[in-house]
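Trainee: Residue numbers (the working numbering), protein chains in the order written: chain A, 98 to 639; chain B, 23 to 118.
Everything labelled a hint here was simulated from the structure, so no lab data went into it.
As the structure is a computational prediction, the values presented were derived from the model and not from experiment.
Among these hints, one or two may not hold up.
Said to hold, decoys possible - From the derived model, a few chain B residues whose C-beta atoms are all more than 10 Å from chain A:
hint : residue
1    : A40
2    : L54
3    : L55
4    : R56
5    : P57
6    : S58
7    : Y61
8    : A68
9    : I77
10   : V79
11   : A80
To be verified - The following label-pair restraints were derived from C-beta to C-beta distances:
hint : chain 1 : residue 1 : chain 2 : residue 2 : range
12   : A       : I111      : B       : W84       : 33 to 43 Å
13   : A       : R112      : B       : W84       : 34 to 44 Å
14   : A       : P548      : B       : V72       : 50 to 60 Å
We put the beta carbon where it would ideally sit given N, CA and C, even for glycine.
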Amino acid sequence: MKTDNDVQVAGRGIRQSMSSLHTWAGLLLGWILYAMFLTGTVSYFKDELSQWMRPELPRLSQIPDQAVVAQRIADELSDIAPGTSQWSIRLPDARNNSVYAFWRTPAGNPGGRGFGEANFDPATGQRVTSRGTLGGEFFYRFHFQFHYMPVVWGRWLAGAAAMFMLVAIVSGVITHKKIFVDFFTFRWGKGQRSWLDAHNAFSVFGLPFHFMITYTGLVTMMALYMPWGERVAFKNPAEQQQLNAELSAFIQPGKPSGQKVPLASVEDMVRQAQERWGRDNVGRVNAVHPGDAAARVAVTRGEAGRVSMSPQYMEFEGTTGKLLAVREDVGAAAETRGVLYALHLGRFGDTVTRWLYFLVSFMGTAMVGSGLVMWTVKRRQKLPDPDRPYFGFRLVERLNIASIAGLSIAMTAFLWANRLLPHPLEGRANWEIDLFFIVWAFTLLHALVRPAKSAWVEQLWAASALLFLLPVLNAVTTQRPLWHSLAEGDWVFAGVDIMCWALAALHAVLAIRTARQETRSQFRRKTSREAPTAVASGGAAG
Amino acid sequence: MSHLLSFALCLTGFTALAFATNRQQRDIFGRLLRPSTTYVHRMVSACALVFALGILVARQGWSLGLVMFSGHATIAAGIVFCALIGRARTFGRKLL
Chain A
98 MKTDNDVQVA GRGIRQSMSS LHTWAGLLLG WILYAMFLTG TVSYFKDELS QWMRPELPRL
158 SQIPDQAVVA QRIADELSDI APGTSQWSIR LPDARNNSVY AFWRTPAGNP GGRGFGEANF
218 DPATGQRVTS RGTLGGEFFY RFHFQFHYMP VVWGRWLAGA AAMFMLVAIV SGVITHKKIF
278 VDFFTFRWGK GQRSWLDAHN AFSVFGLPFH FMITYTGLVT MMALYMPWGE RVAFKNPAEQ
338 QQLNAELSAF IQPGKPSGQK VPLASVEDMV RQAQERWGRD NVGRVNAVHP GDAAARVAVT
398 RGEAGRVSMS PQYMEFEGTT GKLLAVREDV GAAAETRGVL YALHLGRFGD TVTRWLYFLV
458 SFMGTAMVGS GLVMWTVKRR QKLPDPDRPY FGFRLVERLN IASIAGLSIA MTAFLWANRL
518 LPHPLEGRAN WEIDLFFIVW AFTLLHALVR PAKSAWVEQL WAASALLFLL PVLNAVTTQR
578 PLWHSLAEGD WVFAGVDIMC WALAALHAVL AIRTARQETR SQFRRKTSRE APTAVASGGA
638 AG
Chain B
23 MSHLLSFALC LTGFTALAFA TNRQQRDIFG RLLRPSTTYV HRMVSACALV FALGILVARQ
83 GWSLGLVMFS GHATIAAGIV FCALIGRART FGRKLL
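One chain only, chain B, in its complex shape (with noise of 0.2 Å):
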């Protein structure tokens, strides 16, 4: 449980984090989102992975904590930018 849990919240750390980039932001919304809604974005992320991190060390330790949370974190961050990469194939072909 305490893996699906911390794995969506390093889902959502990224997801968050990737619209926080100005890159995803024009690729996504077209233009540059305000820099408030970019902070928030931000803090989403690093809250969801703070948590993730919380998570895991609360119920396995530091030790297995901190290598499982490596894990998770990085297959959520292939996953989105897997997503992103599909997103942008769709939608570039709709526009086709």
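Bound conformation, chain A alone (with noise of 0.2 Å):
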């Protein structure tokens, strides 16, 4: 039988265990899991990202009819892409002030990667021509795939990274002793005391989310990670096209007829569609063989105002426009995984929320953040001599600045480049790209080679400084600066200036409370030295 003090070991020894297991977890891929978590937090505002990479396009005032718009680009793909067997078109909405269309080209064009794609006014139904720059879709594919490897191995490493967090989140609940009767506690100038008060600030009050997030992260990628079960439930190719539709709007293109029809009016199709969801909450017009007896056309419901993935469209008949079939439901597995799909994404929500999903997911990064500097805070203090400490605590700390301080550099040059690259450049999206990543690595480099204080206030200072001009650079490289941006009510524009000052306003107050900290630990190393009983009290914070 066991005794109280039994329990009371055996708990003990669960929680140390868990203890560790929260801080290892945590920090093997912990940078990773910053990275992901930063690029993750930027992407819910990633249309308005990609607004601002495109100044050349203009500032919607009111969402166009949607009807029109899809008519007035069907008309001009039948021109540019004539005889394709597919395409697809993303309609201007609140958040979207151009039409995105991607089509398929003939197999064997020159070239060719199968498929073509291009931005278009809404109003003129014209193609544009903006700066080349994957915007905002770069930090949003960058948290889940990565660059420069296969994107099947990044989404691989994103999936272990998540799996990591989901394993820290729940080893930190168990470790956290008292997780409601310290929920409002925070103890300033106490060193490793501090950190850990911040860190759990950030961990407990976006608990849920946190934990949301991580596990819907898994969810949208569980295809990939496990797929077994798909596979032996799934054995043709006619029960693979049931589970598609079960997914997505994607109509299964069949055989063309080879008897060229024109398409039936994608105007009354929409109009039909907008009857059903409302005026402006239309999403994307598919179409398969438009051009021959055979076409489809689905319309797909917009995101807004429902927390599901799960497809919503109406199917007609291309060359008639007769209503085929109205798909608003899919089974219950299909609507958990639907759900869960779009609580990731929170594209459903409205601005409010979209701020709220941003701020706590910040909360979550900093969460991530603070958890790294303090391995190195809470073992600095056992460290025999901390000006020279052992190659792992150089490693990870080194690592720290170059991922925390560092990735704010190279995301914030990945905007000045946008600004800067000349026009006309070959392959200039992917110029912004290689610059994102090589500022990145100059911070690791100048991590490396500085002393650790010196390169977290220098690179916090650099951060500052880049995110403090570029509103500047805004205003000297296009037609759009804060001032105008105000003047007409374009809060894109305005925003992402705003926000950068905030930002530098952050990074300043980081760098300056870092220096201080520095001049403080100086003090307390000396004071130790003439009275060694003093020391005892003070913990050196990193």
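Can you join these two chains into the complex? Each is in its own frame, and there are hints to help.
Mentor: Here it is, written out as structure tokens:
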């Protein structure tokens, strides 16, 4: 029979084991997790960032009639891509000022990627020429598949990091002794204790979000990570097709008849969708074999206002415009996946909800960052000689600098590159991305050659300066400076500029505090030499 | 409007919850409050948070309402936390 003491010892043992698990699960892929969290956080405004990165595209003061726009672009596509087997149009909405379309090109097309794509002006239907950039899409794609590696490898790496994160969250909750008693506790100026309190605050306040975002992140790519169930359940192409229909609004192309018949009015089809889902709530128009007697058109519902990514669409016969089917429900399993997917992406929300997502996700980034820094803070106190730490400590410390402060610099450099690279540059979009990684690599180099404290302070100041000057650069290099944006009520451009200044201020505060911390640590070390007992009370914070 | 009202209720709820914890009572009032007063703070906190959730669910439905409530509650708790730090820093300085 267990005594109370046995239970206490066993309990303590579990907590200590969980603490070690939490520490190492958080650290080993912590730098990747930090990058995933920060770029994912920014991605909640990827459409707005894409608008900012294509300043040539005019602002939409109001959303144009999607039905008229759809017809305009469909007509344009029949000229640009005659004989295509498939095209898809993303209509303009409150967050997108242009129409994006892609279309399949015939096999064997010279230089062919197998498809073409372009942005169109919703007012004229003409293709718009803007600078080559991936826009906010780069951060979005980076946060789950990284870059310079096969997409599948990147997604596996992101999955491994998310799994580590999930372990860190669960073990962290078990480790935290007084999750409710210490809910509002922060002990200022106590070194390691302060870092722990800050880490706990970032973690506990946003705990439901952190758990949800990590778990749903894994769900978004569950078919890649655990394909076996699907392989067993759906064996032949027909069953696979049925599965696809549950997951997306993709119409299986089938075979063209070879008989040329023009598409019926796309405007009328979208008009029917508008009557069903609302004037501005149509997402895409997809067509297979347009211009053929076997054409089919699917008009999909927009993402706003429903917490589900399960497809909802109306399918029409392409040549007559006759409504063939309305799809608004999927099976329970597919709907569960759709809801979890939507929770991760957060595209359903209004502007306030998107800001809530952004801020809580930012807390998640701070949680990972403070956890990484705390690893060094905790161990610095135990170093025999803090000026000559062992290799592992130095490695973690330098990687922390480059992955936290360095990433801020690299992300801002990406935006600077967007404004400074010449427009006709071959592969301009790729150059923006290359510069992001070149600058990030330089921050790692800088962190390796400079003393740790100096590297932190210098990189935080550099990030602050780059962020502060970005709106100035925008004013100099585009026709849309902040005062113009404010006067026009262009909140996308004004918002990015103001956000840059807010983040510049945040980095400046961090730089100042880190520099002061250095001074205090030096003072403590100096006084400890004079009065050895005094150092016992002071923790050298990082 | 529902966002603003819910956020204000979340802020009220977490402020009351903070006043119901022993550590904050000692820091703010210099002593522990009576158990009945602490109980009232807890009840006010619970009611405010439930009302905030109710408003959002009534206006936006369960799915959107729950998500929005989660966001408002997190940010409100963070603001109360920062306010307590600010108060402790200001009060500490005045003592010096």
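Trainee: Looking at B/A40 again, its CB stays over 10 Å from all of chain A?
Mentor: violated, 5 Å
Trainee: Check the non-interface label on B/Y61: least C-beta distance to chain A beyond 10 Å or not.
Mentor: holds, 16 Å
Trainee: Does the beta carbon distance between A/P548 and B/V72 stay inside 50 to 60 Å, or does it fall outside?
Mentor: Given about 53 Å between the Cβ atoms, the range holds.
Trainee: Does the claim that B/A80 lies off the interface hold, with its Cβ farther than 10 Å from every Cβ of chain A?
Mentor: Non-interface label on B/A80 holds, nearest chain A Cβ at 16 Å vs cutoff 10 Å.
Trainee: So does A/R112 sit 34 to 44 Å from B/W84, Cβ to Cβ?
Mentor: holds, 36 Å
Trainee: Should the label of B/P57 as a non-interface residue stand, given a Cβ cut-off of 10 Å to chain A?
Mentor: holds, 16 Å
Trainee: Does the claim that B/L55 lies outside the interface with chain A hold up, using a Cβ gap greater than 10 Å?
Mentor: holds, 15 Å
Trainee: Would you check whether the claim that B/A68 is not at the interface survives, using Cβ distances to chain A and the 10 Å cut-off?
Mentor: The claim stands: B/A68 keeps its Cβ more than 10 Å from every Cβ of chain A (closest is about 14 Å).
Trainee: Quick one: work out the minimum CB distance from B/V79 to chain A and report holds if it exceeds 10 Å, violated otherwise.
Mentor: holds, 13 Å
Trainee: Within 33 to 43 Å: is that where the Cβ-Cβ distance between A/I111 and B/W84 falls?
Mentor: The hint (33 to 43 Å, Cβ to Cβ) holds, given that A/I111 and B/W84 are roughly 36 Å apart.
Trainee: Hey, is B/L54 genuinely clear of chain A, shortest beta carbon separation above 10 Å?
Mentor: Check passes; 14 Å lies beyond 10 Å.
Trainee: Taking the closest pair, is the beta carbon of B/I77 still more than 10 Å from chain A?
Mentor: holds, 14 Å
When the structure is compared with the earlier hints, a violation turns up for hint 1 alone.
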